[in-house]
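Which chain is which? The protein sequence lines are A and B, in order.
The working numbering applies: residue 1 is where the first sequence begins, and numbers increase by one.
The working numbering applies: residue 201 is where the second sequence begins, and numbers increase by one.
Since the hints were derived computationally from the structure, they do not count as laboratory data.
We treat Cβ as the ideally placed atom computed from N, Cα and C, and that holds for glycine.
Be aware that one or more of the hints could be misleading.
[As the list claims (entries may be wrong)] Short, incomplete list of chain B residues facing chain A, as computed with Cβ under 10 Å:
hint, residue
1, D204
2, G216
3, E219
4, A221
5, L388
6, L405
[As the list claims (entries may be wrong)] Taking CB as the label site, the calculated pair distances span:
hint, chain 1, residue 1, chain 2, residue 2, range
7, A, R171, B, D230, 33 to 41 Å
8, B, P330, A, T172, 52 to 60 Å
9, B, A234, A, E132, 39 to 47 Å
10, A, E34, B, D214, 41 to 49 Å
11, A, A59, B, E232, 18 to 26 Å
12, B, R259, A, E167, 23 to 31 Å
13, B, G430, A, R24, 35 to 43 Å
14, A, R188, B, G216, 19 to 27 Å
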Amino acid sequence: MESPLPVTEAEAPGARRPDDRTVRLAAGLHRRDEATLAELHNDYGRAVMNFLRGAIADAAAAEDLHQEIFLEVWRRGPSYRPERAALGTWIMLIARSRTIDHLRKRVPEPRDPSDPAQSAVFDREDLSASPEEFVERWRMATLLGRLPDDEARLLRMRFHEELSQNEIAERTGIALGTVKTRMVRALRRLRDMVDEEGGR
Amino acid sequence: MSRDGDILDHVLGDAGDPERARMADLARRDPELAAELEELGAIAEALRAAPAEAWDERRVPPLPALPVAAAGDDPGDEAPAGGVVVPLRRHVSMPRFAAVAASLALLAGGVGIGALVFGGDGASPDPSGPAITLQSFGEGGPGAEGVARPISAGGGDLVLDVSGLAPSAGDEFYTAWLIDDDGGLQALGSFRVPEGGAASVTLPLPVDLEDFSVVDVSVESPDGDTGHSGRSVLRGTIGTA
């Protein structure tokens, strides 16, 4: 197998140029640095867990799978190639693959997806979509985990709970002007993360 | 209101008509502002499109206990977690081109499309990546053959055409795998093979093929075991089409 590091510019056409954070974390993965895994767990653990809980009804099984996924991230770390995919993309694809394996294990009989009555296992949009569609669908979720908690919470109130800016200010007790400042700062952070990943 | 407040209102769609017109006028004269409105607007749109569960605040399980590596271990030598090590055996050399041609002829006539069980959509887009020739292996019969082609070299889907396989019996099904140099396995998807023994399926390819050395097809029973059954019927070496 080809060694993933060091990263050079002599990559395949279309290869992405990883940002400094990704290069640093990839190097940590390559040398099996536990602090690197802890940082990835902190940044992407919630996105992975939220995906798992949406795909797997059994909470205990989802928690077990979450740990298996991060163990696989650690074990496969030396083969991660930052010029191929963003870290969030790579981790979410591992999560998707392990979830498909898990669901396959839970179903006692093979099913024919051409028969709607038998295709329940892939009713989940995340699992029936192509890997590219899946990654795009979960992209913002992987980035939200890297935001400061206070900023992520404001975005959650707005985009998930659909509160107005005034309602957010009332609920949090934060001045409206500060809510605006933090929200626009959060949007800019997300924009910069997307830029770093080379995806916009 | 502050400029950032105006930008936020515009991006979130909270600005009234006069404010929107004023911001549009400013953006016409300020390319940087125009670019920022577009960029932040795209972020806001992506946030609106995020799956509802992406916003959940459930407890995140702690990190797992990590295996202790022996001093001097090469980090690249360990098999991936969850991978079942299947010792690679020597390939069985079999004649193959006639059966593949017969398989393609059947597919062209609308016969022999495998019923996909797990892992893909069964469609057959035009493959564009390098072909991987699969030969009979293990329990595969003398006419068992196949070809696997990635849709794109960097990932995406894998189109798998097989022929000469035993039609799926009872509840059994076939599973396609990737095997790396350490014996680690990546399941790609499962399918059934109809009468005639040929099938064509498209499977998601969520990994880089270059990280693996072998494509394997096995017979699996619905016994609840997600591991490889050890009953391989086809294998092909990646990169030696």
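Results of checking the hints against the structure:
no., hint, verdict
1, D204, "5 Å, holds"
2, G216, "13 Å, violated"
3, E219, "13 Å, violated"
4, A221, "20 Å, violated"
5, L388, "9 Å, holds"
6, L405, "7 Å, holds"
7, A:R171 to B:D230: 33 to 41 Å, "34 Å, holds"
8, B:P330 to A:T172: 52 to 60 Å, "55 Å, holds"
9, B:A234 to A:E132: 39 to 47 Å, "30 Å, violated"
10, A:E34 to B:D214: 41 to 49 Å, "45 Å, holds"
11, A:A59 to B:E232: 18 to 26 Å, "47 Å, violated"
12, B:R259 to A:E167: 23 to 31 Å, "27 Å, holds"
13, B:G430 to A:R24: 35 to 43 Å, "41 Å, holds"
14, A:R188 to B:G216: 19 to 27 Å, "23 Å, holds"
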